[in-house]
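> Hints are included, so try docking the two chains, each in its own frame, into the full complex.
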Amino acid sequence: MSVRVNNDLCVGCGCCIDVCSQGVLELDNKAVVNDEYCIDCGDCVGMCPVLALSLQDPALFQST
Amino acid sequence: MIYDVAVVGGGPAGLMAAKQAAEKGLTVALIEKRGDISRITRQCTMQFILDDGYENEHIQLQGGKIIFTHNGFSVDYNGRTLELFDKYYISPGGSKIHFANPDGSPFSIKFDKGVLLQGLWESCEKAGVTLISRTVAYDVSENQSGLEIFLTSKGKRSSLKARKLIAADGVNSRMTDALGLNHDRQYFTTAPNLTYSFEGYGDVAPGTWKTYMGRAYTPYGVVIVAPAWEDHIVDVYMGGKPQTDPAVIYREVTAQGKLAPFFKDARLIEKTGYAVKVYTSLRKPYRDHVLIIGDAAAYVEVEVQGALMCGYHAARAVQKELSGGNGFAEYTHWWQESFEFNSDEYLRVAQGYALSPTYSDDELDYLFSLTEDKVLKGTYSQYLSPKLMWDAILRHQDRIQKERPEIYAKIQKNRELSFKRE
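Chains as they are written, first to last, in the numbering used here: chain X, 231 to 294; chain S, 202 to 623.
Derived lysine-lysine pairs resembling DSS-like cross-links, with alpha carbons at most 25 Å apart:
hint	chain 1	residue 1	chain 2	residue 2
1	S	K411	S	K442
2	S	K442	S	K459
3	S	K327	S	K225
4	S	K314	X	K260
5	X	K260	S	K357
6	S	K297	S	K578
7	S	K297	S	K603
8	S	K603	S	K588
9	S	K575	S	K411
10	S	K314	S	K411
11	S	K521	S	K485
12	S	K459	S	K297
13	S	K355	X	K260
14	X	K260	S	K472
15	X	K260	S	K442
Here are the computed distance ranges between Cβ atoms for each label pair:
hint	chain 1	residue 1	chain 2	residue 2	range
16	X	D258	S	Q387	31 to 39 Å
17	X	D258	S	E343	28 to 36 Å
18	X	N236	S	G226	42 to 50 Å
19	X	I269	S	G280	36 to 44 Å
20	X	V262	S	N344	26 to 34 Å
21	S	I268	X	N236	39 to 47 Å
For the record, the hints were derived by calculation from the structure and aren't laboratory data.
Don't be surprised by glycine CBs; every beta carbon is placed ideally from N, CA and C.
So here's chain S without its partners, still in its complex pose (with noise of 0.2 Å):
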């Protein structure tokens, strides 16, 4: 059988994508590598992002739904959440930068990822997907008429015929890759993550997001003590370096910088662990019968919200392309308009606004120590909160031009480091 559309993928996006093209009436098949969709093992932070235009968007939790107000679609979600309303960013001397909302309202909700995409998958049965789960899509061919995914599962092999491609195989996408897209996006780096569940951590501060900044904590980039589930109970994420030894990075982290002390009566409970491409985005994600979507085509990441947004339109252009419109150009369009990484603003301040390692301990301490009175918006952009805290250090630049000449010089180096496009 051919089907109309082949989806890679049962994260956020590819499960959104397939169960609104099934929907629609079109045979769907998803290929997933996992055999348990619920459960995830790549830790991330797994926020709801509430800003009001992140992503174009300004979502709304309310009555066991996801509801996406400008976009105009809703998805069911009824698992836990938890509100953040606190977010600091830390300098090695202990100067605190902090983000909250001045009404006191939460900024993001972490939610059950298992639960959600769980949920996905059973409304993918309902609405007819054929569902191929604990296979790895590895290869795929074109051809005039449509496309061949080459799949394997326990060792053995087959193939699936489709019409349309909805590559939704996440940042470190295998279909992107097979199909020759990234060799037009700059590769920056492959960033490892670890990542550390602990009780009886020393400073537990439920609601609260700190980030550390500076070598005083880790030589391999920063360190994030963010709540978990359980009051008693904190996520530790520690950047990691490629082929270096994660024990290294532990011991470095919990042992011998400035928070060790905080980990000595500390037990580990869970390690996690995964390591990320990092390409630009792909400003045009679709070629003949393929649409990328997701992290499959970002630069880094969407967020969840983003990867159901990228899925509900994604079914929409394969039904309109099916149907001999231009769907994946209008696709290209939305995502183009709602992503800010997708304008080169963006990866002026991901690349040149960059803390660590830029500046030195001593650097980071005189900067921070400018806004430290200050309680800047509460946000969990990642664009947002680097560019917030800038704008309110840049606020005392004549000072530091006076004081600080040689931060003065850096912090002006960085900001022109304008992107170069191939």
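Okay, chain X solo, but in the shape it has when bound (with noise of 0.2 Å):
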């Protein structure tokens, strides 16, 4: 399980990277993952001003 980023929805802004306590993204002009270090707490979900990333089972969403 990690975040997925929607690569036509992502503009790049990096507020996501921001507040990814775990250093699982990156900017690569646009956010990049590193799958094995996610731990799907749904943080940057809840960042993002444009919807782009979601996580692979919505369920795991745990963000307010």
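Encoded structure:
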């Protein structure tokens, strides 16, 4: 499991990176995910202004 | 190697801090998540604010320099500029509150942030800063002698040691969060913003800034139409709502709201967006070996000129700390004096004076109509603008009380909103 980036929607603002406590996300013009470290917390999903991020299993989305 | 100071974040605050620190002879590493420093991925308005006294400064642009006349330093800037002369707040029915300087001088100047950052980056290089780009600093640990900062770059992990840390990683600061420094701040909201550039917009007015308020334009906050670099292009800023599809907001503004006719022949050129975590400011922006500067410690933002000042003072503070002085405490004194959001009065203005959605469209039209014939002093300041506007409106408070008692009651209630400190 890990977060997925929809590259058609991502505008590369990097706000998801700012809130990732695990160092899972990086910026290469758009958000890039390092699968192995993702803990599915959903913090990045809640932060994205263009709804470009999603967890593979939406039931795991824990952000409030 | 253990650096004297690590700087996280290559915005105006971080780059300025790194450059100044290196020029003082300190060993400096700067970590930045972007690969290309000059590529601005979060559109913001990027204005130099010319108000005398704004952030206790009065900046001047002269001979390729931004001169900080009170703080006593300057920063090179050779990029393009665009002057702003008129600002309007516009009600649903089209009543306007107009801000402009009586002598016709500009009150702010749009600048090219990419050029500014590129220049600072090159100055850092020249000064001997170890520049680490396309790298994310995601965590930090502290011990008695200093810090270890944890990095990831292209999936590879590493760490870096430093005696002091300057966290300049912006409004959504990861370092501040990792250090637990946000616990004492009041959190308000996470506000998404969407920015679109259009060609062929029907109401292009160069040199003019227009903020549209009310549900007639959008149910999601305000719409701002501001001049872009070329006369025939406008930048349109649309307030968003968490977890709301930007396409819905876009449609509301461009096809359904009152501005729709202006978008009839408009062509979308570019879109960007970002989200801002809104906290009260860090009134004491340091702990042990760490100093938090710029937007990372602010209520929303310090603006680019404020960030440059933070960087300038942060480098001095770190140098002093490393030689046994109280640099961070001195920085804090300057920080509290210089930035309006460190006072309760500011938060009262920011919180209690908000127009939309507090007032209905009809109420906004009434309030705006009271001051329509007057021109208020030109300012870009997000503090002074609403203050001047409300001062002008409240000159008619007897009339409001008589004509529209329900609006008067609402105003009184909002003015009494006192800010709760934890």
